[in-house]
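Spelled out, the chains give:
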Amino acid sequence: MNRRRTAALDLLIIIALTLLVGSILILACGAGPGEALSLFVQGIFKNKSSMVEVLVKACPLILTSLGCAVAYRAGFFTIGAEGQFYIGAMVTTALSLGLTGVPGWLRIIIALAGGFVSGALWALIAAVLKARFDISEIIITIMLNYIAIYFLGYAVRSFLMDPAGNVPQSAKIPKDGQLQVLMQGTRFHAGILIAFCSVVIVWYILTRLTAGYELKVVGLNQRAASVNGISVIRNIILSAFLSGGLAALAGGIEVIAIQKKLLEGISGGCGYTAVLIALIAGNRPFGVLAASILYAAVQSGAGSMQRQLGVPSSIVNILIGTLVVLILAKDLFHPRRRSSGADTQKGGSGV
Amino acid sequence: MALLEMRDICKSFSGVYANDHISLTVEKGEIHALLGENGAGKTTLVNILYGIYTADEGQVLWKGSPVDFHSPADAIASGIGMVQQHFSLVRRMSVLDNVIMNLQGNSFFLDRKASSRRLMELADKYGMHVDPQAMVCDLSVGEQQRVEILKALYRDVELLILDEPTGVLTPQETEHFFRILRTLKAEGYGILIITHRMSEIMEISDRVSILRDGRKAAELTTADTDPAELARYMIGRNLKEAYDLDQVSSQDALLTLENVCLQGGGRVRPVNDVSLTVHKGEILGIAGVEGNGQKELAEIVAGVKRCSSGRITLDGKDITDLNARRSYEAGISYISDDRLRDSLVTDMDVQENLILKEFRNEPFSTHRRMHFKAITKNAEEKVETYKIKTSGKGSVKTPVRLMSGGNQQKLIIARELTDSTVLVVASQPTRGLDIGATEFVRECLVSQRNAGKGVLLISADLEEILELSDRIAVVFGGRIVGILDRKDATEQQIGLLMGGIRQKEVGA
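Chains as they are written, first to last, in the numbering used here: chain C, 2 to 352; chain Z, 32 to 539.
One or more hints might be untrue.
What the hints assert, rightly or not - Some chain C residues near chain Z, calculated using beta-carbon distances under 7 Å: (1) Tyr214; (2) Leu221; (3) Asn222; (4) Gln223; (5) Arg224; (6) Asn229; (7) Gly230; (8) Val233.
These are computed hints drawn from the structure, not numbers from a lab.
Glycine residues also receive a C-beta, built at the ideal position from the N, C-alpha and C atoms.
The following block holds chain C by itself, in its conformation from the complex:
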């Protein structure tokens, strides 16, 4: 069987089914799919600002998904990007507001670095429990997310609350401590460049350095790693550290580049979306970059569709859910395979 042709066929089936579901939903709320699609495309490509806006939306997704991809490569199935994002946002806010005597550029660096390290350490809790005691990282990271999310709620009502206001949010980050807009008339900020650089750096680590090789071995076969002298514990901890740091960096950038203050719900759930994006991207850094931008573009387009046509933008989330399910279940398109091999037989009976 020609594997490449099968993969292309799979992709076509997936796209066709997704479009079908989308068209039905659009028709059902009384709009025409053609018009909706054209508004969708306009929402993304209308002008320079709208295109840059896609990158602004993609920025936190790139960093958090990259973090997930690094962890998944090592077989560390964290769901913790959301919590790490919050921790990074909090620590970056605290440092940005607290270090008043430090020049602005240095304060930005310290605040983001501090955020990175704090998120990395936060991720280490789950990594150590996993590596040393074999406790499920999935459950631990989900619980740590709750702790981080509600601790932020506590923080913006107490020690990080803006003394001048009475809403649960921090004081505004001083102008010189914000990441500046680099392109007039848009929101293109320096954080986007940081995200792009992170992709390249992580790609280099994963594919060109011995550390990446070790991570891959540990992720694919822990037992073989330890028998052949590669430390499983060290690698899981390393990947968790990097993973948590990247997610926290996303949180820090969101504070000092976009919101300019700390507030509840600041992540927009991107720590959870990151899990999906890493999955779709096959844990490859440039795949993560592409999938994040695509995801952000789809969101932008859906936004414009909703504003001008009244088509609920929830449709997009339904379609993304459909897409992920179809990608994971694509073996179902090939019923013939089931009877011929023991390995696919497992897949067949498991559904």
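Given chain C's structure and the hints, the job is docking chain Z onto it.
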């Protein structure tokens, strides 16, 4: 009319014939042996018979009428039972519950008393004594096999398929097992037994079918043939002569273990007070039924596990506390008994697997940067030297999981046996390999020995131990129960030691 007849069975996987027009009959009261190398198509054939695969062409006749099984349940319902090489028992359930599990005609409430009575009757009839209440995980391998057979008999099968049934048994257990088979045969059961051991075929079977490369090479009446003829049909040429181990091994100790113990989870120590020496230029064979501590022993020497007490030296240096990485750097090569789990990353390709031990060193990396040109070049050289067949145009970028067991093992050997190797720890190095690959692996071990290196050979295959070892240590219950010299050792004697009977009682 034959009990079972398979006519012109064909089955191909992605264009390669696993079975190419194979025909086979089994009569009532007959033991029919199926012989062939790994990959010859034996397993495919019985899996078709048992309803796991569907044949592309051909017909299966059961008692004269055509049948078409879609699952093992169909086969069992018709009266065909199979004991797989790896048992399909639920370890934490009792023998009785395993036997009556998923039985057709089970009502909502189980009548365990009646079932137990029937099971005992069957067990008595065929001399397979088991306690229905015992937990499967507490049984020996031989007893578990008996449970599997009883499970099939309980379902009123008339044909029993046995896949490599003696691989895990001691010689004494094998004898007992053969007695059971003879009783079953006398009762009129048809038996199809898959094995690669010639001596057993000669002893137990009435007829033997030999498969080679998916085709039937011959069908012979056992009484009219001999092992040499069987081997000729099986591999298409004559077997190699015995290895030349006459050159006396030196008296210089290379590896010494002093009172090495491993504390297990329970009260029993998996490795208990083991002391032994491997000399330079010597193969020390460790014989024993699997699960008597030899795997743990190998892992302790290779640095994968750490012993809880005792002392290990290599060439005079203390290596007791070295981890796997440091042990390798000290010159210990390790060929594990579990290739897929311990030695290979099957989703990675040939070249990546070949640097699993050396990726930190030049020329594969400098200052943590990998050099892919050197990695590819190394792989191409190794593939050529060791004649590793990578499916897919000889590419070194083939994922290891697509390769055959023999080629996977060659890859491991190509990686592990280097110029800096001092001692080879080889655990079941030829398990599951075909004859060609087995010969190759054995030759590699012997050439290491002849180059003055030490080899610690752990094997459950007595023939292999006797053929290769200068001295033979037998383990039982985590202890060394006897060390024999090659020239004094007999299969009988080792067999008794493996069963836990001490050396002085054997009268060595």
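Okay, the hints, checked on the actual structure:
1. At its closest, the beta carbon of Tyr214(C) sits 6 Å from a beta carbon of chain Z; the interface hint therefore holds under the 7 Å criterion.
2. Using the Cβ-Cβ criterion of 7 Å, the hint placing Leu221(C) at the interface with chain Z is satisfied: the shortest such distance is roughly 5 Å.
3. Interface restraint check: Asn222(C) against chain Z, minimum CB-CB distance 5 Å, threshold 7 Å, status holds.
4. Violation of the interface hint for Gln223(C) is found here, the shortest Cβ-Cβ separation to chain Z being roughly 10 Å, above the 7 Å cut-off.
5. Of the supplied interface hints, the one on Arg224(C) holds, with its beta-carbon coming within about 5 Å of a beta-carbon of chain Z, less than 7 Å.
6. Annotation: interface hint on Asn229(C) holds; nearest CB of chain Z at approximately 5 Å, less than 7 Å.
7. With its C-beta approaching chain Z no nearer than about 3 Å, Gly230(C) sits inside the 7 Å limit, and its interface hint holds.
8. A least Cβ separation of about 11 Å between Val233(C) and chain Z goes past the 7 Å threshold, and the interface hint is therefore violated.
Figure legend: structure checked against the earlier numbered hints; hints not met, in rising order: 4 and 8.
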